[in-house]
Structures are given as structure tokens and as C-alpha cells.
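Novice: Sequence:
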Amino acid sequence: MTAPPQAADAARLGAVDVQYLDDGGARAALVVSALPTFAALTEERTVLVEHVAEYRPGRFYERELPALVQVLSGTDPLDLLIVDGYVDLDPEGRPGLGAHVAAAGLAPVVLGVAKTRFRAATHATEVLRGRSARPLYVTATGMAPADAAELVRSMAGAGRLPDALRRVDRLARGAAPA
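FYI, full-length UniProt numbering numbers position 7 of the sequence shown as 7, with every residue one higher than the one before it.
Check each hint, because a few of them may be wrong.
Using C-beta positions, here's what the derived DEER-type ranges look like [claimed, not checked]:
no.: 1; residue 1: T42; residue 2: R119; range: 32 to 40 Å
no.: 2; residue 1: S154; residue 2: H51; range: 37 to 45 Å
no.: 3; residue 1: L128; residue 2: G174; range: 23 to 31 Å
no.: 4; residue 1: R117; residue 2: G74; range: 29 to 37 Å
no.: 5; residue 1: T122; residue 2: A11; range: 29 to 37 Å
no.: 6; residue 1: G130; residue 2: G24; range: 30 to 38 Å
Just so you know, these hints were derived from the structure itself, not from any lab.
Heads up, the beta-carbon is just placed ideally off N, CA and C, and yes, glycines get one too.
Please build the complete structure, drawing on both the sequences and the hints.
Specialist: Take a look at the structure:
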């Protein structure tokens with residue numbers, strides 16, 4: 001496992017999110033920073049995806065992964081990528097979205113940051129931020145869990161959700177890129 005990337009050795013860190021649209025499509029969003037704190041964003045982009053797979057319990061990645069591939073295909077490779085959800089769904093390593101993102105080669109280090117607890121994900125590290133008593137649930141591949149939690153804890157923003165994750169969520173919901 002590795003320590004959190006520093007600006008000198010991991011110049012491209014990203015976060016992605018997907019919003020599903022009423023017409024059956026989706027909008028995928030990406031923010032990129034050169035800083036592990038994501039204090040300054042260097043790139044924002046969105047793509048519209050015409051068709052996405054239907055939701056199937058236990059196979060969420062089939063719906064989300066193609067949209068993530070599409071939004072990442074138009075940008076330089078990333079050293080670290082944060083996804084909205086889990087890398088592993090349980091301590092035995094049942095793959096979640098983040099594991100499928102890593103297996104697809106979209107980034108060598110993938111962090112999952114989930115806003116809600118998945119009952120089987122007892123291995124996820126709880127991270128409290130801001131004044132919130134509700135934790136974020138952090139999982140990772142390519143980085144030690146404690147280091148991943150510290151990276152999320154140190155991300156810019158005073159609230160429960162780091163500013164970069166709030167921004168990528170807004171982009172996915174339709175805000176215009178900067």
C-alpha cells in the first residue's frame with residue numbers, strides 16, 4: 001500500500017459522479033486537481049450519456065461504469081480517482097464500483113467515498129468532517145485505508161462533504177463547468 005499522493009508525485013487527482021436523467025440517460029462529471037486537498041480545481045468536465053443500463057441490485061457498476069469511462073476518456077490519465085460509493089462492498093473484497101473502476105484501468109489508486117452506510121461494508125473507515133455527526137465511509141484500492149481516510153479528512157471544505165465532491169455532484173446535476 002502507498003501513502004497519500006503528494007502534489008509532486010501525483011499531479012492529477014480526480015473525483016467523478018453520475019446523475020441519472022429522466023429521459024433514461026445520464027450526466028457524468030469530473031473535477032481534477034493537482035493537490036491532494038483538492039483546494040484548487042484545474043479541470044471540470046461533463047458528458048451526456050444517451051443510454052444507461054437499468055439498475056440491477058448488486059450490479060450497480062454496470063450502470064455507472066460506462067458513464068465514468070466516457071467522462072474520463074477525454075482527459076489525461078489520473079493518478080488517483082475518487083468515486084461516489086464503495087471500492088469493496090464487504091471485508092471479503094466483493095467488488096463495488098471502485099473495484100470495477102480500478103479493474104478497468106481508469107486510475108491506479110481509487111478511493112470510494114460513500115455518504116450512506118452499506119450494512120456489509122463493516123471494513124469501511126468512518127471519517128467525520130466539519131461539525132457533522134454523520135460520517136463518510138471510505139474504502140480504497142492502491143492505498144492503505146488509513147491513508148485514504150486521512151486524504152478525505154484533509155480535503156478542502158468545512159462541511160461533511162469536501163468541496164470537490166460537492167462540486168462534482170453539482171456538475172453531474174447540471175451546473176455549468178467553470
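Novice: Against which earlier hints does the structure fall short, listed by number upward?
Specialist: none
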